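Student: The primary structure of each chain is shown beneath.
2 protein chains.
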Amino acid sequence: MAKQGILIVLSGPSGAGKGTICQELLRSYPELNYSISATTRAPREGEQNGVNYWFTSHEEFQKLIKNDQLLEWAEVYGNFYGTPCHQIAALLNCGKDVVLEIDTQGATQIKKKFPQGVCIYIAPPSLDELAKRIHKRGTDSLENIKTRLSSANVELKYVYNYDYVVVNDEVPSATKKIAAIIIAEKCQVVRNISIIESILSNEKIKI
Amino acid sequence: MAKQGILIVLSGPSGAGKGTICQELLRSYPELNYSISATTRAPREGEQNGVNYWFTSHEEFQKLIKNDQLLEWAEVYGNFYGTPCHQIAALLNCGKDVVLEIDTQGATQIKKKFPQGVCIYIAPPSLDELAKRIHKRGTDSLENIKTRLSSANVELKYVYNYDYVVVNDEVPSATKKIAAIIIAEKCQVVRNISIIESILSNEKIKI
Numbered sequence: 001m002a003k004q005g006i007l008i009v010l011s012g013p014s015g016a017g018k019g020t021i022c023q024e025l026l027r028s029y030p031e032l033n034y035s036i037s038a039t040t041r042a043p044r045e046g047e048q049n050g051v052n053y054w055f056t057s058h059e060e061f062q063k064l065i066k067n068d069q070l071l072e073w074a075e076v077y078g079n080f081y082g083t084p085c086h087q088i089a090a091l092l093n094c095g096k097d098v099v100l101e102i103d104t105q106g107a108t109q110i111k112k113k114f115p116q117g118v119c120i121y122i123a124p125p126s127l128d129e130l131a132k133r134i135h136k137r138g139t140d141s142l143e144n145i146k147t148r149l150s151s152a153n154v155e156l157k158y159v160y161n162y163d164y165v166v167v168n169d170e171v172p173s174a175t176k177k178i179a180a181i182i183i184a185e186k187c188q189v190v191r192n193i194s195i196i197e198s199i200l201s202n203e204k205i206k207i
Numbered sequence: 001m002a003k004q005g006i007l008i009v010l011s012g013p014s015g016a017g018k019g020t021i022c023q024e025l026l027r028s029y030p031e032l033n034y035s036i037s038a039t040t041r042a043p044r045e046g047e048q049n050g051v052n053y054w055f056t057s058h059e060e061f062q063k064l065i066k067n068d069q070l071l072e073w074a075e076v077y078g079n080f081y082g083t084p085c086h087q088i089a090a091l092l093n094c095g096k097d098v099v100l101e102i103d104t105q106g107a108t109q110i111k112k113k114f115p116q117g118v119c120i121y122i123a124p125p126s127l128d129e130l131a132k133r134i135h136k137r138g139t140d141s142l143e144n145i146k147t148r149l150s151s152a153n154v155e156l157k158y159v160y161n162y163d164y165v166v167v168n169d170e171v172p173s174a175t176k177k178i179a180a181i182i183i184a185e186k187c188q189v190v191r192n193i194s195i196i197e198s199i200l201s202n203e204k205i206k207i
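Going down the list, the protein sequences come from chains D and A. Residue numbers for the first sequence follow our numbering, so the first one is 1 and each next one is one higher. Residue numbers for the second sequence follow our numbering, so the first one is 1 and each next one is one higher.
Hints may be right or wrong, so weigh each one.
Simulated coverage check for chain A against chain D, where a stretch passes if three residues somewhere in it have a Cβ under 8 angstroms from a Cβ of chain D [said to hold, decoys possible]:
(1) 27 to 35
(2) 116 to 129
(3) 153 to 161
(4) 164 to 173
(5) 187 to 201
To be clear, the hints were calculated from the coordinates, so they are not data collected in a lab. Model, not experiment: these values are computed from the prediction. Where is the CB? At the ideal position from N, CA and C, for every residue including glycine.
Chain D on its own, in the form it takes in the complex (with noise of 0.2 angstroms):
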């Protein structure tokens, strides 16, 4: 049996920049396999259905959450997201690795029902910055902006549920960490009872 890959949740605050150190994660890393989450939101410029969100109506959400098909979903501004199980579970059982971005009601989810499951907090150097970072990207409406940042006191809190957090000064330099955490856990005793299992079932040293 091969052994078993790891989950790992990017999460944190909107414009801390989980979607960009997640893209620079992947094409650093082409290893890693990102698991493609299901939204009912409207597609931003430039995004394509099946490589960054599977695009769904409010009808065929519902019925994914009804089918139990979803391993976590939200809605958050007024539009669901969820992430699903089937390829998910299929790729850690193969002992690939998968990559999830998703909300800080997700990654909470997440962690109850695979608490195996690697969860990173992306935060802001400051909340100052964390606004200022929302404004500069201009994909979301003056309403949106406003939703975000006031929501954004309150999900910093969420970070103390979290395993690791990664304060994202410079990009570069926080996906170099997330990756070191990624080797880390791969080296964590609780995942590799299969390997030392087979140091040990050698005969006895011969003296």
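Here the structure of chain D is known, so what remains is to put chain A in place on it, guided by the hints.
Tutor: Showing chain A alone in chain D's frame:
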């Protein structure tokens, strides 16, 4: 107050290569601080007092134990080994990371006294490979080699008390894994409470 440093404990059975890995780690990451152990064993060729070990007499060692000046100590193959605690505490309080290279008895004591210490087990790829390495090193008497090898089967089972296991197939690769473990540990939420609080203590975002 400076962020607390991390105590990194490299350990494993004799011949697994923890000494070589420790040297390579300190060479590649000079910001790490090596904690020099005290021992009553005779120096091997090329070993220097105050560099590789503090070579002490049995009488001096007993005094260190009596005055509670050792973080851990153990008798291994008739010799005493111990970790002087004063310097380590001072470095950790200044935010400096400290690397210890100790035997499995010592690591178990450290884990009990300092659960926040990071215990890494350096494992050989197989028991046969371990036997070859101890023979090849050629620094031990035949009697010592026999004692070391007969202990290895038992020592390998201590791995379950550790946080991480790194199989020493190749020194550079094993060293990089340990460096990744240190980076990851520094990102753990529990080690970053002060940074998180400083982000959260900013004034609320003005919208």
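Student: Hint by hint, note whether the structure agrees.
Tutor: Structure-based check of each hint:
1. 27 to 35: violated (count 0)
2. 116 to 129: As far as the stretch 116 to 129 of chain A goes, the hint holds, because 8 residues have Cβ atoms under 8 angstroms from chain D.
3. 153 to 161: holds (count 5)
4. 164 to 173: holds (count 4)
5. 187 to 201: Coverage by chain D holds for the stretch 187 to 201 of chain A (8 residues, Cβ < 8 angstroms).
In summary, the structure is inconsistent with hint 1 from the numbered list given earlier, while agreeing with all the others.
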